[in-house]
Amino acid sequence: MLQYAFKRALSLCLSLCLASVVIFAVVEIAPGDPASFMLGINAQPDTIAALRAELGLDQGKFVRYLEWTGGMLRGDFGTSYTYRSPITDMVVERMWVSLPLALYALALSTLIAFPVGLYAASKRGAPSDFAVMGVTQLGIAIPNFWFAMILVVIFAIKLRWFSAGGFAGWDDGLFIGLKSLTLPAISLALPQASILSRVMRSALIETLSEDYIRTARAKGVSRTAVLWRHALRNAMIPVLTIIGLQFSFLMAGAIIIEQVFFLPGLGRLVFQAITQRDLIVVESVVMLLVFAVISVNFFIDLTYAAVDPRLRHGS
Amino acid sequence: MIKSKKYIAATAIAFATVACTGFAASSDITVAMQLEPPHLDPTSAAAGAIDSVLYSNVFEGLTRFASDGAIVAGLAKSWDISQDGTEYTFHLRSGVQFHDGTRMDAEDVKFSLDRARAEDSTNAQKALFSGIADVAVVDSTTVKITLDKPNGSFLFNMAWGDAVIVAAESIEDIKTNPVGTGAFIFQNWVQGDRIELARNDNYWGSAPALESATFKFISDPTAAFAAVMAQDVDVFTSFPAPENLPQFEADPRFQVLEGSTEGETILSTNNKMPPLDNVKVRKAIAHAIDRQAIIDGAMFGYGTPIGTHFAPHHPDYVDLTSNSQHDPELAKKLLAEAGFPNGFETTLKLPPPSYARRGGEIIASQLRAVGIQAEISNLEWAQWLEQVFRGNDYGLTIVSHTEPMDIGIYARPDYYFQYDNPEFQSLITDLNATTDTEMRSEMLKKAQNIISKDYVNGYLFELAFTTVADAKVRGLWKNAPTQATDLTGVSWSD
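In order, the protein sequences belong to chains A and B.
Count along the first sequence from 1, add 336, and you get the number used in my numbering.
No gaps in the numbering here: position 23 of the second sequence is 16 in my numbering, and each next residue is one more.
Just chain A, with the same shape it has in the complex (with noise of 0.2 Å):
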């Protein structure tokens, strides 16, 4: 076990080297200076020329890129080119957006999933399985942010439930910032939820023709007793690798939904950093996310060995 989890966090530090040196040079490659777009076009070049040593672009490519590794090393993560704040206190204060709303999300996909895709298994080849995956087929193939448009104009400019967007915060109660981050968490969670409860059912039916299975039913253990003592844990593994991708993916991903409520998350911050040429901004938060997603990686690989047993001691 030791040994697998050892050669899993060199394979984590390795990749986040090599992405380090990817998100440099590509946001580096970009074309458009950060001091000329911030003082626009009627800038004279001694003022572009000042605000250049201010913000440190002067400097040559590879002393930025050491100064900004280290500074990651130690856990700064540099100073904002436009909002003149730290990174850090900026990542910080989105995350309280964006990890509630992808939790959130991806509680409501895996308590949707799990009931449907059990469901569909325990009836496979009936007309209610046909149903449910027809349901989910489209699930899927609904785009989220017309499927979020729809529910804002139902439920926020019809009926006025909800607000059409915006984050009220966490101070006046969990109650009202959760309500707030509903109509997003919906719309991101429906597809999530649509390929879980598909991968379910196929991990499902393709342990339950295995043949254990066989042999706990001839020993006379119920359908219903095999479905959730035996196949449900055999079924888990492709289950929580996809768990794990959506997760990343709902951290990462969430970007045209924060733009459709106006969320004040983490994706709206790269958009923004992206147009604002806030160059050292967009560097860090995608190389939080890469962190995000390789630890989240690296987690499920552990999971995968506890839930297996033939990884933790094999090889």
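None of these hints come from the bench; they were simulated from the model.
Keep in mind it's a predicted model, so treat the numbers as computed, not measured.
All C-beta atoms, glycine included, are put in the ideal place defined by N, C-alpha and C.
Some hints here could point you the wrong way.
To be verified - Per label pair, the in silico range of CB-to-CB distance:
| # | chain 1 | residue 1 | chain 2 | residue 2 | range |
| --- | --- | --- | --- | --- | --- |
| 1 | A | CYS353 | B | THR169 | 31 to 41 Å |
| 2 | B | PRO406 | A | ILE490 | 55 to 65 Å |
| 3 | A | ASP508 | B | SER486 | 25 to 35 Å |
| 4 | A | PRO381 | B | GLN418 | 18 to 28 Å |
| 5 | B | HIS306 | A | VAL471 | 36 to 46 Å |
| 6 | B | SER20 | A | SER421 | 24 to 34 Å |
| 7 | A | ALA366 | B | ASN385 | 19 to 29 Å |
| 8 | B | GLU204 | A | ALA467 | 52 to 62 Å |
| 9 | A | LEU350 | B | GLU338 | 41 to 51 Å |
| 10 | B | ASN181 | A | ALA341 | 42 to 52 Å |
| 11 | B | SER20 | A | ILE490 | 24 to 34 Å |
Got chain A sorted already, so can you dock chain B onto it with the hints?
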């Protein structure tokens, strides 16, 4: 039992809170706009969004723009101009305090202006201060500014958001905690979401009707529509989806204000790039363009046609649209005369705003009709600045020049139009040295004529300023003489 009592008390408090918010609605306002300020220092960035939130609400200058674009007294209650036009003596209002309680006096004015024109200044409009030779404190409420030569637009320059008065005591944190002299005090900024302001009870002028104001930032046009429809916001300035405006106009809950901006939207032309260096070719382009089709197609009818680089609502504006009537046959003839009977190829580089992207498609097809093949490429703003604006690597582009009274840019031969006309340059030099209103007016009219007849750029339309607001909101600016959301005169009618 105790539990249920607590429950009842909690419910009562909840209801009371709801009731209070109900009453409070008449003294607070939520204003939405598309772009969020990058930071909160209007004196060191070009971002108009900073002024849209802070101008005249939090920060004030010596002079200021009124809603009709006129220059009126600000922190200076009056001024004297010396006979030769090089000395301005400003008499400041007494008893003005910054929001941190410190006094605003002549030293602050000197500090602000010296900071803006300093060597290491990062003021995006440093040119506004370039003529200042000296700023002298006469006494605590009198400042004497000496210019190296007369400048007829000096009072106008001092009204810009980039020329507001800041204090040395609070300059350190100005980007996150702006301290000004205005009728509203900065309270809180939730980055990515909102900025909150509260009424300044020590304001030197008449107290505003609003107690507090929240600015929200909604960049997506569809989300903007939903936020207004759900009445999450009370006002949306520069509403980004003109196609939805008729729907708001028809809804009694809302009012739509249609005004004008200082944004001349033009087909900027590289005057040094062959064949665009030939005035006949530029004239042909001007006649190939159907302005109304662009206004209707790209702006859903919002916008005023212009024939020169000047705002139509300005008293000195001359309507020169007749110099460039839509006439494809004439355009073809001119092209043939210029030696391009079969047209030519050029580039059309478009920045992100919808006026450019949608307008660009229409213009490209209008140019194609007379034989000019304009190859469209879509650029991000940062790319546009680098390639087009600073690199002069373009044939044609579409952009709205939103700075007020900026016809002087045509006197800069190194400007991205690459227009080099000594006659025009000396006219602008004379204009800057003239303070007489009538003479200035004549010169401005002449300047408009020169660039119109030289077909420096394709003049398309003045960008409209459209605001959607709750029907009960009063006192909003209809026009945008500068980028501002002046809330000092805004109130709710009952």
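To see whether the hints hold, each was checked on the structure:
1. Between A:CYS353 and B:THR169 the beta carbons are some 34 Å apart, a value that agrees with the proposed interval 31 to 41 Å.
2. For the pair B:PRO406 and A:ILE490, the beta carbons lie near 58 Å from each other, so the given range of 55 to 65 Å is met.
3. Checked against the hint of 25 to 35 Å, the pair A:ASP508 and B:SER486 passes, with Cβ atoms roughly 29 Å apart.
4. Hint check: A:PRO381 to B:GLN418, Cβ distance near 20 Å, so the stated range 18 to 28 Å holds.
5. Our hint of 36 to 46 Å for B:HIS306 and A:VAL471 is violated, since their Cβ atoms are close to 57 Å apart.
6. For the hinted restraint 24 to 34 Å between B:SER20 and A:SER421, the CB-CB distance of approximately 31 Å keeps it satisfied.
7. The supplied range of 19 to 29 Å is met by A:ALA366 and B:ASN385, whose beta-carbon atoms lie about 21 Å from each other.
8. For the pair B:GLU204 and A:ALA467, the beta carbons lie near 56 Å from each other, so the given range of 52 to 62 Å is met.
9. With their beta carbons about 49 Å apart, A:LEU350 and B:GLU338 fall inside the hinted range of 41 to 51 Å.
10. Against the hinted window of 42 to 52 Å, the Cβ-Cβ separation of B:ASN181 and A:ALA341 comes to about 45 Å, which satisfies the hint.
11. Here the CB-CB span from B:SER20 to A:ILE490 is close to 32 Å, well matched to the stated 24 to 34 Å.
Comparing the model with each numbered hint stated earlier shows that hint 5 is the single one that does not hold.
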